[in-house]
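Each chain is listed here by its residues.
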Amino acid sequence: MMWDVEIRGMASAHAIVASSIFMATVMPAVFVENFSVYGSHMVWLYCVAGSVAVVNITVFWLLGISPPTKKNTLSYKLNRLFRSCLYFLLSCLFFHTVVVLYGAPLLESALETFSLAVLLSTLTTLRCLCVLGPNVQAWIRVFSRDGAMSVWDTSLQITTGCSVIGAWLGAFPIPLDWDRPWQVWPISCTLGATTGFLTGLLAAPVWIHWHRKQLTYKLK
Amino acid sequence: MAFSKTFIPPVSRISCRSIRNLPVEGDDWDVLIAHFLGVDHCGHRFGPDHPAMAEKLSQMDGVIRSVIKRLKNDTLLVVMGDHGMTDTGDHGGESQKETDAALFLYSSSPLFPAPGSQVEPEVVPQTDLVPTLALLLGVPIPFSSVGQVLLPLFPQNGSRGVPTGLSQAEALWINVKQVNRFLETYSNMAKDIPPDSLSQLRADFSNISSQYLATVHKGHLPSPELVVFMQNYLTAVRETCRASWARFNPFKMAAGLLILGVACMLCYILSELSHVVIQEGLLKLPILSGLVVGLVVAAGQLFSQGYLELSWCAGAAALFSEVLFLWRTHGVSPKGRWSPSSLLTPALLVLFLRCASLLSDSYVIYEGNVVTFLLFTLSIYVPLRLNWDGLLVPLPPPDTQKPPQLLSTALPSSVVRRQAFILLVWLGVLVGSLYLSLSFHNCREEQGTCQPSPFLSPLSRVQDSQLRNLHYVLSVGSLALWGYLLHRWLRHYGNLNCTSVTLFSACFLLPLACVCMGLHWAVSATPEDTFRSLFELIGLAQVFLPRTSFCLLGLGLILLWVDPMTVFLKSRTPLNSRGTSLPPPKYRASTGISPQAELHHLIPQLYQRIRHSLEDGGTESGEADSRPAVEAYGLGTVYSAPLVLLCGLLGLVLLLLHPEGMALAFLLLLLEAGAMLHIHACSTNLSSLHKHSNGFSVPWAPVVSWSLAATQFFHATGHLPTFPSIQWGAAFVGFPQGHTGTALPASLVTLNTFSAHIIFAVGCPLLLFWPLVCEVRGTRSTRSAGVEESEDAVMEMRLRESPQKFSSGLLQLAARYLFVNGVQVFASVCAAAILRRHLMVWKVFAPKLMFEASGFIVGSVFVILGVIMVMRVDVSVGGLFKKLLPQNSR
Chain A
1 MMWDVEIRGM ASAHAIVASS IFMATVMPAV FVENFSVYGS HMVWLYCVAG
51 SVAVVNITVF WLLGISPPTK KNTLSYKLNR LFRSCLYFLL SCLFFHTVVV
101 LYGAPLLESA LETFSLAVLL STLTTLRCLC VLGPNVQAWI RVFSRDGAMS
151 VWDTSLQITT GCSVIGAWLG AFPIPLDWDR PWQVWPISCT LGATTGFLTG
201 LLAAPVWIHW HRKQLTYKLK
Chain B
1 MAFSKTFIPP VSRISCRSIR NLPVEGDDWD VLIAHFLGVD HCGHRFGPDH
51 PAMAEKLSQM DGVIRSVIKR LKNDTLLVVM GDHGMTDTGD HGGESQKETD
101 AALFLYSSSP LFPAPGSQVE PEVVPQTDLV PTLALLLGVP IPFSSVGQVL
151 LPLFPQNGSR GVPTGLSQAE ALWINVKQVN RFLETYSNMA KDIPPDSLSQ
201 LRADFSNISS QYLATVHKGH LPSPELVVFM QNYLTAVRET CRASWARFNP
251 FKMAAGLLIL GVACMLCYIL SELSHVVIQE GLLKLPILSG LVVGLVVAAG
301 QLFSQGYLEL SWCAGAAALF SEVLFLWRTH GVSPKGRWSP SSLLTPALLV
351 LFLRCASLLS DSYVIYEGNV VTFLLFTLSI YVPLRLNWDG LLVPLPPPDT
401 QKPPQLLSTA LPSSVVRRQA FILLVWLGVL VGSLYLSLSF HNCREEQGTC
451 QPSPFLSPLS RVQDSQLRNL HYVLSVGSLA LWGYLLHRWL RHYGNLNCTS
501 VTLFSACFLL PLACVCMGLH WAVSATPEDT FRSLFELIGL AQVFLPRTSF
551 CLLGLGLILL WVDPMTVFLK SRTPLNSRGT SLPPPKYRAS TGISPQAELH
601 HLIPQLYQRI RHSLEDGGTE SGEADSRPAV EAYGLGTVYS APLVLLCGLL
651 GLVLLLLHPE GMALAFLLLL LEAGAMLHIH ACSTNLSSLH KHSNGFSVPW
701 APVVSWSLAA TQFFHATGHL PTFPSIQWGA AFVGFPQGHT GTALPASLVT
751 LNTFSAHIIF AVGCPLLLFW PLVCEVRGTR STRSAGVEES EDAVMEMRLR
801 ESPQKFSSGL LQLAARYLFV NGVQVFASVC AAAILRRHLM VWKVFAPKLM
851 FEASGFIVGS VFVILGVIMV MRVDVSVGGL FKKLLPQNSR
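In the order they appear, the protein sequences are chains A and B. Residue numbers 1 to 220, in this note's numbering, belong to the letters of the first sequence in order. Residue numbers 1 to 890, in this note's numbering, belong to the letters of the second sequence in order.
A couple of the hints might just be wrong.
Below, a sample of chain A positions facing chain B; criterion: calculated Cβ distance under 10 Å [stated by the list, open to error]:
hint : residue
1    : Ile140
2    : Arg141
3    : Phe143
4    : Ser144
5    : Asp146
6    : Ile174
7    : Pro175
8    : Leu176
9    : Asp177
Honestly, the hints are just simulated from the structure, not real lab data. Just so it is clear, CB atoms sit at the ideal spot from N, CA and C, and this is done for glycine as well.
Kindly generate the complete structure, drawing on both the sequences and the hints.
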């Protein structure tokens, strides 16, 4: 019974996040002139990243998923906030490095590459920050076979994996000679990451519902 | 008619005398052919964009001018190149830069009417020269020519400027008749021209012939339309022939695909069932029966057709033995052991993606980047997977819920942390060298904005002297580092203590060869005109320095083969004191009766003692009471040391065949191979508690990465699967004057082209040894015995403990490597077969298939060589212990 409540809550949270991506794609068309996903790709990218970030933080804050803070002082909270921002920035740099090592151009279109890194960080690291707080050891623990300690951890595993795999798959069409507008760097990768994220959002509740008999979570 | 050919030597300074000697003015010739080799020579040596080339070309201009001055009125001067060149100055491929050459025609008397009155073609096929020159000389056009006369060289119809010559229409008519005769004869003999286009061409010809004969009969001039008609006919014949000469035999293609596919399947099953195959000896019967079937098919062919088609006999033999083997293994294989889901590992998924990428021309064009991408993915997958299994980080402090016996098998957390750290460091090295290796790529014709790596051009072509010095220092530095790393590794594992000839080759031959190579690079980097006085000496050095390095390295390889033991044995204590120094009785507990069993138990025991003495300093001689009977240094790496040395020596040989700048790429190759081996070793160590090791099985992921790395370094050493990119310069290393035969230059170029395949293939057995070399002390024995006190490393002696598992592990590794390579060949065969009418087949898929297949053949030969080397070591290790046993048991 408790399962159903949690899964339903997660499904609705995921639906809100997914609809925020949809809104971020549709809404700028009203305000920005000549807006299109391919043409003004950076605008779209930062719209999606911003809205996903805002909605994620709001939803997780409202639901109270984040780990309870040990101390309730303001300085401790500020410290946590500062560390979260630092980790987010570091994760952007990390993704940027990985993408460059994967073969992205080093100097030209560095801004585009960094934007892709920002998007990937928003889709993965930000959720880690929301669910687990700025605690790298917990992050490492979550991405192991029996490291998930709640439904949200499992959902984090699935969405993160799907986003990264989506971005990875998005690199495939780049060398093809089809001359399509979405083959321009980094559009296919950002689209892949977003599609993967959406798939993950959809798949997580379904998968958890399907495997609810096998899933057993240890207490924290 | 008199032909006279004057050969102008390729010396860089043509004297004016030899040009004056050109017998232009005499009357005793009809055709005078002068072949100026200098331009070609200069292009090969310096490339198209070198000042020396400009100098040579202006020299040629002078030659042509002086010839023109003395030309008579009835002489036609034809200046033509037989080929162009790539940016590196080579030729032999099919790129436009190589096939395009200049054509310059000159006559003192005005052959052509005022400029503009005729359309001059931009490009003329080289086949057109033959009929043109033949008709101009007044000889028949050769029978099998499909060329078309160059009309501007013939007077236009109606103009009677040159009354003796043929007019354009007459020349074309002769040409048309000749081509038609060829077409008729050819289509009677070979039936490969499609009947409908043949009948169309016939109709065209009869049309032309009737029109032409009618006009000539009436005494009119042939109309311009008829001329165009004839030209179109000639072009149509040429195109029809070209299209139909690319013939395919679908039946043979299907048979080849079937044999190749079954062979891949066989390799897979062999790798899965290697222990069964080793035990039961399943190989003899299929091979013999395959031979019999081949002979039967040959006899049948001889009987029924009267001639022998060897490919069918070989194909039938191969297919029959493959199928028989599969059928027999089907009988012995354990039921339900392998299911399709076992094929769905990420490593095999990456292999599948690699094969799928061979079916698209874009991916083949960007193959270097594609392979790097996949290799990168596969290497990142290793730590992610380990983390997923909870093996990368130490387990949390013991839980009360966990059963205690599970905990006892875990590695100590300090060991886990250390191994994980080592793994991540080596992953960094791997990723870094992968990224850096991207800067050594060459460019295909199809890659528009790509710039070939600056390290690819030989040093002698680098203009800026500072840049040249920098390149030279970098190359020599990486060469020295290559030698140092090898030496360092061997010393670390105590393989340099022996007194055998191998030590000699490692300690003396290797550095000496490096020095020779450095000097050779220095000599060949000096610009030609800096030391004019030392010209002779430089020429001599260019011959002898590389030959000396070849000889030294070859000698090293031979010595390594003759005596691959890198173990230093030292008997110290009297033999009778052996009894007192027995280790705890766990090795004596199950001592068998037979000498063979005795031998098996003696070896680890011997090894334990050796390790003990090594740990206690190894060199001290004070305590004689309980010290071991025999000391051996380097026994732990007795198998891998010769193999590493073999790879090092081979690598130097292959490096010598490359441009100097590739030394950096070769250093990266060494680092990357080392990183892959260490990552494999660490992940094996970390997961040793996860799954119980069954024998010496190498998982798919390292094998696939190893094979991908071979392809990746094929690209990172400046090679491409295209003919224009073959580094022909390799044939002239040590032979600057050229060769007399073809076997030697061909093998040198082959070695150069497939150097990455060769090194990785020879080093393949290292994948089996490395986890043992890098074993974590005490893990395995602790697990198996449950006793904490065994702290001794056994390393590669573990292989001697269970020779059966060793052989099956080696067979499995080789079969897996062959499977991974074979599947890639299969995929490129499929690509070439399916896309045989594709636009890019001759530019992309067919060359790719040829390179992939040749690389596979070379790679397989060298895999077998590596395995033979391991067996050679095994034999001599066996000999060593045989020698030791009587001494000790007496």
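Exercise. Can we keep the A/Ile140 interface hint, with Cβ of chain B closer than 10 Å?
Worked result: holds (6 Å)
Exercise. With a cut-off of 10 Å, does the beta carbon of A/Ile174 approach a beta carbon of chain B closely enough for the hint to hold?
Worked result: holds (9 Å)
Exercise. Hey, does the A/Ser144 contact hint survive, CB to chain B under 10 Å?
Worked result: Cβ of A/Ser144 sits 4 Å from chain B, so the hint holds.
For this session: May I ask you to test the interface hint for A/Leu176 with respect to chain B, counting a Cβ-Cβ separation under 10 Å as satisfied?
Result: Holds - the Cβ of A/Leu176 comes within 10 Å of chain B, reaching about 5 Å at its closest.
Problem set entry | When the least beta-carbon distance from A/Asp177 to chain B is tested against 10 Å, hint result | With Cβ-Cβ at 5 Å, under 10 Å, it holds.
Problem set entry | Hint check: 10 Å Cβ-Cβ cutoff, A/Arg141 to chain B | holds (8 Å)
Exercise. Would the stated hint for A/Pro175 survive a check requiring a Cβ distance to chain B of less than 10 Å?
Worked result: holds (4 Å)
For this session: Go through the hint on A/Phe143 and say holds or violated, using the shortest Cβ distance to chain B against 10 Å.
Result: holds (6 Å)
Problem set entry | Given hint A/Asp146 near chain B, where the shortest CB pair must fall under 10 Å | Where the cut-off is 10 Å and the nearest Cβ of chain B is about 7 Å from A/Asp146, the hint holds.
When the structure is compared with the earlier hints, no violation turns up for any of them.
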